[in-house]
Amino acid sequence: MNAFVVKGLAFAAVLIISTIVVVQQMHIDLSDPINWITILGALAIATLAFGVSAKYMGQMKTDTASGDLAEENWDGIGEYKNELPAGWAYSFLGVMIWGLWYFFLGYPLNAFSQIGQYNEEVQSYNKKFEAVHKNADAATLKDMGESIFLVQCAPCHGETGDGLSGKAEDFTKGRTKATVLNIIKNGQNALAAFPGGMPPGMASGAAAEKAAEYVASGCKGKAPAEFGVCAGCHGATGAGTPGVAPSLKGYDVKTALAKGKTGAIGMMPSFANRFTPVQEKALDSYVNSLKQ
Amino acid sequence: MFHWLEKNPFFFAVGVFLTIAFAGAVTILPNFSKSAQPIKGLKPYTVLQLAGRGVYIKDNCLSCHSQMIRPFKAETDRYGQYSLSGEYAYDRPFLWGSRRIGPDLHRVGNYRTPDWHANHMWNPKSVVPGSIMPAYKHQFTNIADTETAYAEAVTVKRAFGVPYGDDIQPGKAAYEKELKAKVLPDALKIATQMKNKDLIAKVKAGKIPEVVALVAYLERLK
Amino acid sequence: MQSNAAMEYDYSIVKLYMWTTVIFGIVGMLIGVIIASQLAWPQLNYMMGEYGTFSRLRPIHTNVVVYGFMISGIFVGFYYSAQRVLKVSMGESKFLMTLGYLQFFLYLIAASGMVISEAMGITTSKEYAQMEWPLDILIVVIWVIWGVIMFGLIGMRREKALYISMWYYVATFLGVAMLYLFNNMEVPTQLLSGGLGAWYHSVSMYAGTNDAMVQWWWGHNAVAFVFTVPIIALIYYFLPKESGQAVYSYKLSLLSFWGLMFIYLWAGGHHLLWSTVPDWVQTMASVFSVILILPSWGSAINMLLTMKGEWNQLTENPLIKFMVLASTFYMLSTLEGPIQAVKSVNAIAHFTDWIPGHVHDGTLGWVSFMVFATLMHSAPRVFKREIYSKSLLEAQFWIQTVGVVLYFTSMWIAGITQGMMWRAVDEYGNLMYSFIDTVNALHPYWAIRAVGGTLYFIGLLMFAYNFFMTATAGRKLETEPQFRSPMA
Ligand code: HEM
Ligand code: HEM
Ligand SMILES: [Ca+2]
Ligand SMILES: [Ca+2]
Ligand SMILES: [Cu+2]
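Note that the protein sequences, when read in sequence, are chains A, B and C.
Quick note: the first sequence uses my numbering, first residue 1, plus one each step.
Quick note: the second sequence uses my numbering, first residue 1001, plus one each step.
Quick note: the third sequence uses my numbering, first residue 2001, plus one each step.
Hints should not be assumed to be uniformly reliable.
[What the hints assert, rightly or not] Computed Cβ-Cβ distance ranges for the label pairs, DEER-style:
#, chain 1, residue 1, chain 2, residue 2, range
1, C, Y2046, A, K134, 49 to 59 Å
2, B, K1007, A, Q24, 40 to 50 Å
3, A, S113, C, L2461, 49 to 59 Å
4, A, S270, C, W2199, 11 to 21 Å
5, A, M96, B, L1042, 52 to 62 Å
6, B, K1034, C, L2181, 16 to 26 Å
7, B, E1176, C, Y2101, 43 to 53 Å
8, C, G2091, B, F1002, 26 to 36 Å
[Claimed, not checked] Looking from chain B toward chain A, a few residues come up when the C-beta cut is under 8 Å (computed):
#, residue
9, F1072
10, D1091
11, R1112
12, N1119
13, W1122
14, T1192
15, N1196
16, K1197
17, A1201
I should point out that these hints are in silico values taken from the structure, not numbers from a laboratory.
These numbers were taken from a predicted model, which means no experiment stands behind them.
Idealized CB from N, CA, C, for every residue including glycine.
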């Protein structure tokens, strides 16, 4: 090997190693086939391109031009009648044979379906994470909820769940007394899951204050008598009545996800069919843990 | 034989031409009519949405955004159902893009809302800290070209049989009628959801800001 | 062997295109530096109102460098070298001369129309085919004129057999003509709507997946027939001519040419892998892309072997340096492209920075280096003056080489990283990164790219100065140099 090839390969090595180092910093699983094939491809590009071109650079230093000249000459440019470089010629022949094999025998017309492959990918994914999901304990759920939240919800609710200065619900504050009083006064018809909505003026004065306090506390402890009106729809403990009214114990994440919400602050889109039941549970547990 | 060709430029050129023309025909023609089929229930873009598509093209959003969800689990988790050929049957031109500096937008209508877009197009950093997307404030003052969008609807209806209703007809009068009957009311709905008084006032005055049309288009991407 | 000293060639058209090459090069690459910086430092989007955003500028960058800088450079190379290898002067035919001037004049109109309309946001949005129909028509006219001139010169030629460069010029002409026509089939919207709306607006004849297929049949082959085929024409003339070496092997030239013609056109589907085009089209495109390595490398190897034993020329002559490095960058991009066309690799590479990385290996390392060499080799013959400064040329070479290396290594790492981050899942199987995480991870690499681009641009300014001084103030030459270009 001449000095050029050594330098070329050294450059290739530096490039590949830096790539792998940077990728590793991002906690990438390199055993995923797509990932290692890519790294292999990158390796092939770097070593072949720099190695082979360095070989020819070397020849400029060591070799000499020779051969029979063709009789033609264009503007002083001549042409040798040299044979094809053997490595090139055999490689060309080789890839052509490989191409024919690939296209007609290996993976003949219509033998591959990318959608079929997708279905397999989903299946093997489900198999891989089935156990994790089935036996998820509370801590796992919350953790899992956080990672989904950061990817799917943070653009509106913010990375800390603070709702980006009023652009979406602030989960760190939770449902405040003032909000509840407002809803009691004006009613609400924002959760698409309940077409009838809640009528305005369900309570007033001190009764409304008491009920609101209870709801703002997340319906903890024994319900005060003033909550009686509310219980008619929201259930005796505020746990909600399916199809009638939502739960008031914290956020009813499942309902919000199913149909979205058009509220006083803004609109939330529906996330129907985007999550598995476990993921919904995880989001619920994370969102309701944010209140400080 | 080749040396002979090199001395006979005419045949040389014919040889080159046939070699290259052949490949295109074999690649494109076999699936041409199948690829032109819309999926069931696909509706053509409304005039307002077409105008918004025009804004998307004018500001060249596709230099950063793709509209092609590839069939990988990681992509369907992030963006939703992988894209189907028939969904694009009314896309002239196609806007798949070749670069994803920002996220894919093929189904962005599913998980973002007009008021969110209103914040985002005005100042992306206000909703996505660290965003590098430019703010498109000029879209809040520039007025969308709904007449050209209407002309486009008429053209694709007449030239390519895109199934628009009878109200899409050539001529200024038909355009004005459609504007009053559909385009402005549609725009008002979007502007109201965007919760921007200024935009609402403009639409009420009969002028549709570019961003309203654009959001109508983004909302349609589902 | 015939001597070429007796012939006088007419370089008036060459000179005109030389100036547009330099000017469009500066404009286009300045915009390149700006958009590269905008990704690293987004505040830079707000310098010129709506006209200064990344998204408006990006297509102006691509169009000005491709249709301004590169096409001008190719026309310089053509009008200079075609006369010489055919042994016929443009000046021998008044008709061809008139056409030449007309072509340049129309080209100026089209190029400025292109920049203005894209700044205004008038675009069909198809990459490398953004121009609306009025400009399309103008371009077809320009191209037809070029064809008439090319075949006119061929008809008048004194060299019976066509030199290799001519094969590639002919292929460029035919390939672009055919592809451009098909991809730009569009219906002006005023035509059928009773005169409504903007007069320049049109809709594509094809929709959705078909539109994509036609577009990338063009897009890929624009790469083939604008970034590759005519540039090979340049290197086959300018490297042997500058070095005085005979081309290494006729057989290799021949097989590379016909191999490229046969294989290139089948590979366009590699821009649409994993999309909604039929699976068999994708498989075919992948396979042909891999085969394509060899006819591509054939030309590069032929050029490198032409220089074998000529180490001293490489160390002493900066023009030879440009051309030898161009060949190696050509090898790099024609290996990188095919590997990116492997479906598993494309699943990562597509949509990421690795693609612009690949693009600029080719355009900065291969195309632009060849264009610089073309202009500088021709300048002493055209202006009858020595090249103004050798050391400036030498410095340009090294600065730009560092620039390209920074560009492609940073984009390589950024692209692979982002592609893998998009796919990454945590221990629960949920996506590990939000989109904005993957964007923020790229900041350092975008900054490095911007630095690399700036270095390249500085080199370009040195070139422009050197070229201007050569044309106006270089030491006068009595006789035309046979091979090596004289430089001070
Ligand atoms: C100073 C030199 C240059 C710089 C700094 C530069 C920078 C850039 C940047 C930042 C992009 C956008 C990439 C992205 O989407 O992330 C780009 C795209 C592009 N540039 Fe350049 N560029 C330069 C020179 C050139 C030249 C000389 C050519 C052609 C001859 C060229 C051809 C292209 C093409 C074809 C694209 C589009 C790539 C794609 O869509 O994938 N550039 N350039
Ligand atoms: C054997 C030859 C080559 C093959 C097989 C090849 C393959 C590819 C592939 C697979 C892509 C990426 C498509 C995607 O995922 O988006 C690509 C993009 C590109 N390549 Fe190459 N490449 C080759 C040579 C070249 C050369 C020599 C250049 C010259 C400058 C070049 C310029 C480009 C450009 C400009 C793009 C960007 C297209 C876009 O805007 O998306 N390629 N190429
Ligand atoms: Ca692109
Ligand atoms: Ca066009
Ligand atoms: Cu390609």
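Structure-based check of all given hints:
The hinted window of 49 to 59 Å between C/Y2046 and A/K134 holds, with their beta carbons roughly 52 Å apart. At roughly 59 Å, the beta carbons of B/K1007 and A/Q24 sit outside the given window of 40 to 50 Å. Under the hint 49 to 59 Å, the C-beta atoms of A/S113 and C/L2461, about 53 Å apart, fit the expected range. The hinted range of 11 to 21 Å is not satisfied by A/S270 and C/W2199, whose Cβ atoms lie roughly 43 Å apart.
In this structure the supplied range 52 to 62 Å is violated for A/M96 paired with B/L1042, their Cβ-Cβ distance being about 42 Å. At about 24 Å, the CB distance of B/K1034 to C/L2181 agrees with the hint of 16 to 26 Å. Separation of B/E1176 from C/Y2101 is about 48 Å and conforms to the stated range, judged on CB atoms against 43 to 53 Å. A beta carbon spacing of about 32 Å between C/G2091 and B/F1002 agrees with the range 26 to 36 Å that was offered as a hint.
About 7 Å separates the beta-carbon of B/F1072 from the nearest beta-carbon of chain A, less than 8 Å, and the hint is met. A distance limit of 8 Å between C-beta atoms decides the matter here; for B/D1091 the minimum to chain A is near 20 Å, and the interface restraint is violated. The beta carbon of B/R1112 is positioned within 8 Å of a beta carbon in chain A (closest approach about 6 Å), and the interface hint is therefore held. The criterion of a C-beta within 8 Å of any C-beta in chain A is met by B/N1119, whose closest approach is roughly 6 Å, and the hint holds.
The interface hint given for B/W1122 is broken, as the beta carbon of that residue sits about 12 Å from the closest beta carbon of chain A, more than 8 Å. The restraint placing B/T1192 at the interface with chain A is violated, with a minimum CB-CB distance near 11 Å, outside the 8 Å limit. Of the supplied interface hints, the one on B/N1196 is violated, with its beta-carbon coming no nearer than about 12 Å to a beta-carbon of chain A, more than 8 Å. Given the 8 Å rule on beta carbons, the hint for B/K1197 is violated: about 15 Å separates it from the nearest Cβ of chain A.
Restraint check, B/A1201 versus chain A: the minimum CB separation of about 20 Å is more than 8 Å; hint violated.
The structure fails hints 2, 4, 5, 10, 13, 14, 15, 16 and 17 (numbered hints given earlier, in ascending order).
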